[in-house]
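Peer 1: Sequence:
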Amino acid sequence: MHFLQSVTAAALRFPARPVGVSAMLYRRMGSTAASTAASIEPYSPGRLAKQVAARHPTKHTLFVAKTVAEMRQARHELRQVQFQQQQQEGGSSPPATSHTTEVGFVPTMGCLHQGHLSLMRQAKKDSRAVVASIFVNPSQFAANEDFDKYPRQDKDDLAMCAKEGVDLVFLPEVAEMYHGSTGTDAFGKVGTFVEVRGKSQLLEGSVRPHFFLGVATVVSKLFNIVQPTTAFFGQKDVQQCVILRQMVHDLFMPLNIRVCPTVREKDGLAMSSRNVYLSPEERAIAPIMYRGMQAALNEHYLKRGERSAAALREVVRQVIATEPSVTIQYISIADGNSLQEVDTIDDKNGAILSGAIKVGKTRLIDNILLDFKM
Numbered sequence: 002m003h004f005l006q007s008v009t010a011a012a013l014r015f016p017a018r019p020v021g022v023s024a025m026l027y028r029r030m031g032s033t034a035a036s037t038a039a040s041i042e043p044y045s046p047g048r049l050a051k052q053v054a055a056r057h058p059t060k061h062t063l064f065v066a067k068t069v070a071e072m073r074q075a076r077h078e079l080r081q082v083q084f085q086q087q088q089q090e091g092g093s094s095p096p097a098t099s100h101t102t103e104v105g106f107v108p109t110m111g112c113l114h115q116g117h118l119s120l121m122r123q124a125k126k127d128s129r130a131v132v133a134s135i136f137v138n139p140s141q142f143a144a145n146e147d148f149d150k151y152p153r154q155d156k157d158d159l160a161m162c163a164k165e166g167v168d169l170v171f172l173p174e175v176a177e178m179y180h181g182s183t184g185t186d187a188f189g190k191v192g193t194f195v196e197v198r199g200k201s202q203l204l205e206g207s208v209r210p211h212f213f214l215g216v217a218t219v220v221s222k223l224f225n226i227v228q229p230t231t232a233f234f235g236q237k238d239v240q241q242c243v244i245l246r247q248m249v250h251d252l253f254m255p256l257n258i259r260v261c262p263t264v265r266e267k268d269g270l271a272m273s274s275r276n277v278y279l280s281p282e283e284r285a286i287a288p289i290m291y292r293g294m295q296a297a298l299n300e301h302y303l304k305r306g307e308r309s310a311a312a313l314r315e316v317v318r319q320v321i322a323t324e325p326s327v328t329i330q331y332i333s334i335a336d337g338n339s340l341q342e343v344d345t346i347d348d349k350n351g352a353i354l355s356g357a358i359k360v361g362k363t364r365l366i367d368n369i370l371l372d373f374k375m
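Here the sequence shown is numbered in the working numbering, starting from 2 and rising by one per residue.
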């Protein structure tokens with residue numbers, strides 16, 4: 002049986018862990034019961050439009066498109082639904098519904114966790130139709146990084162998307178997204194790539210100079226293929242959010258970028274697919290950077306009125322230094338629009354406090370906002 006057909010309503014009922022759902026998936030999904038039955042099926046023209054038009058179907062189906070042609074056909078269906086419903090509602094634009102956007106899009110690299118699911122829930126709340134993508138993009142990994150080892154679990158990920166009421170998942174192969182190549186030609190810049198210059202070379206870009214070239218390129222491809230009206234991203238990847246907003250603005254892309262709050266574990270560690278790399282001992286100390294950021298925010302920025310960026314960075318460094326096995330790659334306090342380092346935080350404009358550390362072999366990033374609005 003094809004794995005798209007192997008996860009059905011029986012695999013999505015709670016609270017008992019169902020047959021066919023791994024213990025890890027069950028823990029990540031939580032124990033909240035799904036409101037409707039759900040199934041997962043390959044995309045075929047016609048059925049997606051009926052489901053979205055129904056708005057509250059008794060049975061929800063997650064459709065999976067694996068090619069650009071399928072995704073474009075699906076998008077055409079959604080456009081027809083939008084047109085038909087606007088006609089029924091007297092041509093109102095936007096339609097007279099509770100939705101604030103037509104097609105909400107959540108791009109992911111899979112290995113989904115509660116952070117991803119929170120984006121899907123927000124998209125579901127705001128959007129008439131929700132599309133997610135699962136694609137591990139090779140062009141944003143350097144040769145010495147973890148592309149081959151990056152966790153992939155499509156079956157579990159699709160089950161979670163179905164439970165959250167996602168309408169369509171775009172699940173392409175690398176050859177589909179890069180016209181038959183491996184996608185690693187980005188490093189030689191052979192072909193067409195998107196580079197947001199200036200901001201891409203700062204912070205994360207200073208440590209991973211290849212990274213945002215790959216991100217901007219693949220996200221621009223996804224935006225072109227999916228054609229969402231709103232794309233949902235997590236604040237955890239705050240520099241990525243700033244860069245993609247710049248790309249959308251500069252290239253006149255007709256969509257909005259919605260940035261949603263970082264989702265954290267109980268001890269404050271930002272949820273990340275790479276957290277699975279941490280050993281139990283490493284996991285115990287992994288929240289140290291967030292603790293340092295919270296100390297800088299609460300004890301110094303808010304309580305004492307400290308506005309010196311150097312002083313606040315030093316607070317974070319001192320907290321991290323209590324765990325000698327942790328390596329700091331950078332601690333930054335930067336302007337939220339330009340991403341340039343600031344000397345003094347302006348109360349009117351605020352700033353972004355961000356950083357990257359290595360815990361063992363695992364690289365972790367995090368950030369908090371200092372009176373800056375995303």
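To be clear, the hints were calculated from the coordinates, so they are not data collected in a lab. For each residue, glycine too, the CB sits at the ideal point set by N, CA and C. Check the hints yourself; a few may be wrong.
Unchecked claim - Heads up, simulated DSS-like pairs for lysine-lysine below, C-alpha to C-alpha not over 25 Å straight-line: (1) Lys126 x Lys349; (2) Lys67 x Lys51; (3) Lys125 x Lys67; (4) Lys125 x Lys349; (5) Lys67 x Lys267; (6) Lys156 x Lys67; (7) Lys125 x Lys150; (8) Lys222 x Lys267.
As the list claims (entries may be wrong) - Between beta-carbon pairs, the in silico distance windows are: (9) Lys60 x Ala296: 47 to 53 Å; (10) Pro255 x Asn338: 20 to 26 Å; (11) Pro210 x Ala322: 36 to 42 Å; (12) Ser207 x Ser326: 20 to 26 Å; (13) Gly192 x Gln81: 32 to 38 Å; (14) Glu282 x Lys51: 48 to 54 Å; (15) Asn338 x Ser182: 32 to 38 Å; (16) Lys60 x Glu300: 49 to 55 Å.
Peer 1: Hint check: Lys125 vs Lys67, CA-CA at most 25 Å. Holds or violated?
Peer 2: Since the Cα atoms of Lys125 and Lys67 sit roughly 22 Å apart, the hinted pair holds (cutoff 25 Å).
Peer 1: Given the hinted pair Lys156 and Lys67, is their Cα-Cα distance within 25 Å?
Peer 2: 14 Å, holds
Peer 1: Against the range 47 to 53 Å, how does the distance between the Cβ atoms of Lys60 and Ala296 compare: consistent or not?
Peer 2: At 50 Å between Cβs, range holds.
Peer 1: Can you tell me whether the CB distance of Asn338 to Ser182 sits inside 32 to 38 Å?
Peer 2: Once the Cβ atoms are compared, 35 Å apart, the range 32 to 38 Å for Ser182 and Asn338 holds.
Peer 1: With the threshold set at 25 Å, check whether the alpha-carbon distance from Lys67 to Lys267 stays at or below it.
Peer 2: 36 Å, violated
Peer 1: Holds or violated: Lys125 and Lys150, Cα atoms, limit 25 Å.
Peer 2: Given pair Lys125, Lys150 is violated - Cα atoms ~31 Å apart, limit 25 Å.
Peer 1: Are Lys125 and Lys349 close enough, with their CA atoms no more than 25 Å apart?
Peer 2: Not OK: Lys125 and Lys349 at ~33 Å, beyond 25 Å, violated.
Peer 1: For the pair supplied as a hint, Lys67 and Lys51, confirm whether the alpha-carbon distance does not exceed 25 Å.
Peer 2: The hint holds at about 20 Å.
Peer 1: For the pair we were handed, Lys126 and Lys349, check the Cα-Cα distance against 25 Å.
Peer 2: 31 Å, violated
Peer 1: 49 to 55 Å was suggested as the range; check whether the CB atoms of Lys60 and Glu300 agree with it.
Peer 2: Holds: the Cβ-Cβ distance is about 52 Å, inside 49 to 55 Å.
Peer 1: Could you tell me whether the CB distance from Gly192 to Gln81 stays inside 32 to 38 Å?
Peer 2: Holds, at about 33 Å.
Peer 1: So if I understand the rule, the pair passes when the alpha-carbon distance is 25 Å or less; does Lys222 with Lys267 pass?
Peer 2: 36 Å, violated
The structure shown violates the earlier hints numbered 1, 4, 5, 7, 8 and 11.
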